[in-house]
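Taken in sequence, the protein lines are chains A and B.
The opening position of the first sequence corresponds to residue 1 in the numbering used here, with each subsequent residue numbered one higher.
The opening position of the second sequence corresponds to residue 1 in the numbering used here, with each subsequent residue numbered one higher.
I should point out that these hints are in silico values taken from the structure, not numbers from a laboratory.
In this text, a Cβ means the ideal position worked out from N, Cα and C, and glycines have one as well.
Watch out, some of these pointers could steer you wrong.
[Stated by the list, open to error] Using C-beta positions, here's what the derived DEER-type ranges look like: (1) A/S210 <-> B/D43: 35 to 43 angstroms; (2) A/A315 <-> B/V34: 24 to 32 angstroms; (3) B/G76 <-> A/Y21: 39 to 47 angstroms; (4) B/L54 <-> A/D27: 19 to 27 angstroms.
Each chain, letter by letter, is given below.
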Amino acid sequence: MARTERFRFSHTRKLDSAFRYLTEAADAGVILNRAQGANGRCVTVDGERLKNFGSCSYMALEARPELRECAHRALDEYGTQFHFSRAYLQCELYVELEALLEQIAGRPVVVAPSTSLAHMAALPVLVKDNDHILIDQLAHASLHTAVQLLPNVPLDIVRHNRMDQLDAQLTSLRLGTETGRGQGRGNVWYICDGLYSMLGDFARFDELRSLLDRHDHLRLYIDDAHSTTWSGARGRGVALDHFAGDERVVVALSLNKAFSAAGGALALPTRELCTRIRRCSGPMLFSGPIQPPMLGAAVGSARLHLSAEFPQLQADLQTRLALCARDIGTTKLELSTAQLSPIFQVQCDSPRIAFSVADAMKARGFYCCVCVFPAVPMNRPGIRFTVTRHNPLEDIAPFVSAIAESLDQARAELAHRDDDLSSYETAHDNAQSP
Amino acid sequence: MRCFYEVISFKEGEAPDWACMERLFSRHARITRVTPEAIDCMDLSGFRSMVEELLELGAFTSFYEREIARRVDRFGNVIHVASAYEVKIAPDAVDYLERGVNSLQLVCEGEAWRIVSLCWDDHASLNVATLQLLDHGE
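Start from the sequences and build out the full structure, keeping to the hints where you can.
Right, dumping it as C-alpha cells:
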C-alpha cells in the first residue's frame, strides 16, 4: 500500500510560504547576514564585532592545533581534492577515520559526505518494502527530506516527543498485522533527533528504551548531529550512550558542528549493514568525497576525542552550561525546555519581539539568533542562543542579563504601541447573540 | 461566537474540538481561507484535513485565537457577522501573531443558528480604523 495521501498543500505552495516567512526575517536583518573573520569568542557580523552566542562549535575545536596540523598534512599530501568516486577508489584517510570513529562509537561506522547524505544513504537501505515509518514532526528537515525517497512505504507523522502516541501507533500497527489489516510482518521505524536543534530538547531516551523492550517490531533511526562530541563517552553523543549495544538502533552523527571537520557518520549495529550501505546507496556511490584537508581535520578531531584530555574538554563545556542555566534561573526568561544542552531557546510572544530582541542584543554587543516559523512552529517564536567553549565564563552573566533586559524592553515597547487594540477586548462581551 | 473561538483554539499537544465544531457549522457550510499564496475553498471535512496537516507538519503545536470586536447584521433568518480576531501564542502574550476579520454567515436551521460560510484573509492588516468601522455596526 502506498502512503496515505494526506498532504493537500503542494510542494510549490509550501516553498512559496517558506520564502515569504524567510523574506520577512531577512528584511528585518536577522538572518542571511555576513560574517567577517573567524568564529571564536567574537564574531564580526556586517562589520560589527560581537560576542558570539550563536555558533554550533560547541567544543571550539576548529582552531585546535591537532585538527589544523592534520588538515595541513592532508593538503600537502593530497592537494585540495582526491578525484575518485569512493565506488572506485577512496582516499586512505577514510579508512583511518572510520577505524577511529568505530572506537569512539563502540560499533561499526560508515562515513558519509554530510549527515543529510548519510540519511539519504541509510534510510532506503534500512527500511524495507513492508516496513512502516513514523517520524517526529520536529525531526530535522534532512530526515523529512530523506523519507521522501521511500514513496511506497507508509508514513505517519508523530507529534513532537509524544511517546504515548508512538506507543499507541506501534500497538495499532502490530494489531493490524495480526488481524490481516496491516502491511505484513514489517518493522516500524521511528525517526527522530537525539537533540532537537532549535528547541534544545532531547528525544525521550528512557521511554524509547521501554518501547523497544515492549515492541519487538520497533526500530529507531536517530539523528544525533547536535549531540556529537560534546556529550557521551568519547563524544559519541547521547543516543549512543543509551543504545550503542542495541541492534535495532541506528544513529547518525555529524562531523561538522562540535566535531569541527566535515561530513557525517552512520553508527550501525553490524558490519554487514555497513557493507550494504556502502554498496547500495546512491550518496556512497555517486556523491563527491569529503575533501582530503577536511578528512585530515576529521582524523585529527577523532584522535582528540580518544585522547586522555578529551573528558576535561567536555567538562569545561558543562561548567559553562551549568553557569548559564544558573544565571537564567535568576531572571524571568522562559526557556523552551529545562533540559541542559548547549542550545537554549528563550520564548518570545511573537516574531516581531524576537527580531527586536536580536537587534537590541547586537546593539549591546552580542550575537544570537532568532528562531521563527518555519524553523519552529508558529506558536514557538524565540531567540536561540548557544553556549560553547569559545565563551569565557565572564561573558555568560552579562549576556544573560542583556537578553533578559532586551526582552523586557521589547515587550514593554509593544505593549504601548500606537496600534494597541486591547481597548476593544470587552467591546464584544455585550453584543447580542450569536 | 464565544463557542466558535473556543473550539478552534487548543492547548499544547491537543487539537480543535471537532465534535463541537460540527455542531456549530451547517453540514452545507463552506470555509474559505485567503493566503498570499492561494485561496483554499473547503467544506468542514476539508478544513479539518487542512488543520490536521498543519498540526502534523508542526506549523502549530497549540493555537489561541480571540475575538477583538464584532459587527452583526441580521436580515430575517440570515445573519452576517464580521468578527475581528487576533491569534496569540497564549492569552497573556503581549503581542499577536496574526490579526484579521472573520466573515461569517449564519442561517437559522430550525432549532439553531449555524454557520454556513466562514471566510478570512490570513494576512489582512487590522487597525483601529477597521475596528471602529465594525463597532459602528449593529
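- [ ] Evaluate the given range 39 to 47 angstroms for the C-beta pair formed by B/G76 and A/Y21.
- [x] For A/Y21 against B/G76, whose Cβ atoms are near 43 angstroms apart, the range 39 to 47 angstroms holds.
- [ ] For B/L54 and A/D27, compare the CB-CB distance with the range 19 to 27 angstroms and indicate the outcome.
- [x] 24 angstroms, holds
Task: Supplied distance hint 24 to 32 angstroms, evaluated on CB atoms of A/A315 and B/V34 - done: This hint is violated: roughly 55 angstroms between Cβ atoms.
Open item on the list: Please check whether A/S210 and B/D43 have a Cβ separation lying inside 35 to 43 angstroms.
Closed with: With Cβ atoms ~42 angstroms apart, the hint holds.
In terms of the numbered hints stated before, the structure departs from hint 2 and from no other.
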